[in-house]
Amino acid sequence: MHGELKHEDVEAARRDLADRTLAKIRGDLARLIYLASMRDYNTGEYHHEGLACMFTESVAGKAIASCHRDVFKRLVLCSVKELVEQLELYARTNCSSSSELAHVWAKLQPYRVTVPLECSSLAGRFFVSNIKAALAILESRQLGAHREPQSALPDP
Amino acid sequence: MSVLAYLLLAALTILNICLFLSGRSGRLDFDREVDGTGRGTSGPFGGDPLNSQLSARIFDPEDADFVATETSRRNARQFRQERTALALDWLRAVRGQVNQSIRAHVKDARGNAGLKPSDEIRLGFEFLLFQLTSAILYVVIWAGGPPRAAKFVGYSVELAGQLRRVTEDVLPAGRQVAVELLGGKQERKS
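Chain order of the listed sequences is A and B.
Going by our numbering, the first sequence opens with residue 2, and the numbers climb by one from there.
Going by our numbering, the second sequence opens with residue 23, and the numbers climb by one from there.
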């Protein structure tokens, strides 16, 4: 009985998080970054003050973890082409250029800390490999875009 | 007779090569520290390396083609190497699960007087066939990359599914995995 109630609470917290917060974030990649940012690096537990006040700390944590897994699963099954689109959307909504994002992410590799704790090593490595490829494509496209205007200039 | 002997010898040679290759850890390894947990490939993502969606993605040629057309040769080569390493790890995980099931079956079968010898022989034959198929698959992935091995994967997973179904009477967990495998097979067909 207690388990059932708990499950319902987690479901309610999940819905609340999805409707009030995640629905307003554009793109799964941005949602993933947001959800991963609520995780404590040392304990692996998630914290969200508002959600914890409405429900309990443990229910909020479970709801966030569940949303994190769902979003990650969607992204890990995306093609590289779709990931490139996600990265472009993420760059646009965060007021940075695609080239800047590709450059900084290639150095800092923040996508590594977005992998859920329960995820298998295989899925995690698959995701990281795809993101790296998507970033390389983004960088190649930017280089190509820079070269095109130059080549369009008339010869002196 | 001599043809059969040659075939057997060839199969054993391939098996030995594969066992040797599978023992060489770290050859095509990359980013193993990704989650920093040191867990193997058999953990949950949704946990199961037999997860059909993930394996279908690993063997899908679409990504490799896209990366090859959109980026430099160096990046495309690195991507192919990473996919090959992932596919080989996936295969190791599948083999590990099947081996674990068979070991558990053998352990439980020792105390079971109601087993039919014909069923056990069939199971043994299918296990041998699976080992051979997965060994060939290992070589194909290693040499040609995951997209070229995609056709063999279906057969290998089908065999793994058959083995699980045969052992499910003894192992309660076998039923669930067989259902997952069959579900994955149907997804691929559709």
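The hints are simulated quantities; they were obtained by calculation from the structure and are not laboratory data.
Any given hint could be a false lead.
Selected chain A positions facing chain B (in silico; Cβ < 8 Å) [to be verified]:
{"id": "1", "residue": "Ile-34"}
{"id": "2", "residue": "Tyr-35"}
{"id": "3", "residue": "Ala-37"}
{"id": "4", "residue": "Ser-67"}
{"id": "5", "residue": "Leu-123"}
{"id": "6", "residue": "Arg-126"}
{"id": "7", "residue": "Ser-130"}
Chain B is nowhere near these chain A residues, computed Cβ spacing over 10 Å in every case [stated by the list, open to error]:
{"id": "8", "residue": "Asp-20"}
{"id": "9", "residue": "Leu-23"}
{"id": "10", "residue": "Met-39"}
{"id": "11", "residue": "Thr-44"}
{"id": "12", "residue": "Glu-46"}
{"id": "13", "residue": "Met-55"}
{"id": "14", "residue": "Glu-58"}
{"id": "15", "residue": "Ser-80"}
{"id": "16", "residue": "Leu-90"}
{"id": "17", "residue": "Ala-92"}
{"id": "18", "residue": "Arg-93"}
{"id": "19", "residue": "Cys-96"}
{"id": "20", "residue": "Lys-108"}
{"id": "21", "residue": "Asn-131"}
{"id": "22", "residue": "Ala-137"}
{"id": "23", "residue": "Ser-141"}
Heads up, incomplete: computed chain A residues facing chain B, CB under 10 Å, no partners named [as the list claims (entries may be wrong)]:
{"id": "24", "residue": "Ile-26"}
{"id": "25", "residue": "Lys-74"}
{"id": "26", "residue": "Val-77"}
{"id": "27", "residue": "Lys-82"}
{"id": "28", "residue": "Phe-127"}
{"id": "29", "residue": "Ala-134"}
{"id": "30", "residue": "Ala-135"}
Cβ atoms here follow ideal geometry from the backbone N, Cα and C, with glycine treated the same way.
> Should the hint that Ile-26(A) touches chain B count as held when the rule is a Cβ pair under 10 Å?
Replying inline: Status violated, d = 23 Å.
> Is the interface hint for Ala-135(A) satisfied, with its Cβ closer than 10 Å to some Cβ of chain B?
Replying inline: holds, 9 Å
>> Tell me if the interface restraint on Val-77(A) is satisfied: Cβ within less than 10 Å of some Cβ in chain B.
In response: Holds. Min distance 7 Å.
>> Hint validation: Ile-34(A) versus chain B, beta carbon distance must be below 8 Å. Holds or violated?
In response: violated, 16 Å
> Taking C-beta pairs only, is Ser-141(A) more than 10 Å away from all of chain B?
Replying inline: violated, 5 Å
>> Please check whether Arg-126(A) passes as an interface residue: C-beta within 8 Å of a C-beta belonging to chain B.
In response: holds, 5 Å
> Is the Cβ of Asp-20(A) farther than 10 Å from every Cβ of chain B?
Replying inline: holds, 24 Å
> Taking C-beta pairs only, is Thr-44(A) more than 10 Å away from all of chain B?
Replying inline: holds, 13 Å
> Can we confirm that no CB of chain B comes within 10 Å of the CB of Ala-137(A)?
Replying inline: violated, 4 Å
> Against chain B, is Phe-127(A) within 10 Å by beta-carbon distance?
Replying inline: holds, 6 Å
> Does Leu-90(A) sit more than 10 Å from chain B, CB to CB?
Replying inline: holds, 17 Å
> Does Lys-82(A) pass the interface check with chain B, least Cβ-Cβ distance below 10 Å?
Replying inline: holds, 5 Å
Hints 1, 2, 3, 4, 15, 21, 22, 23, 24 from the earlier list are contradicted by this structure; the remaining hints agree with it.
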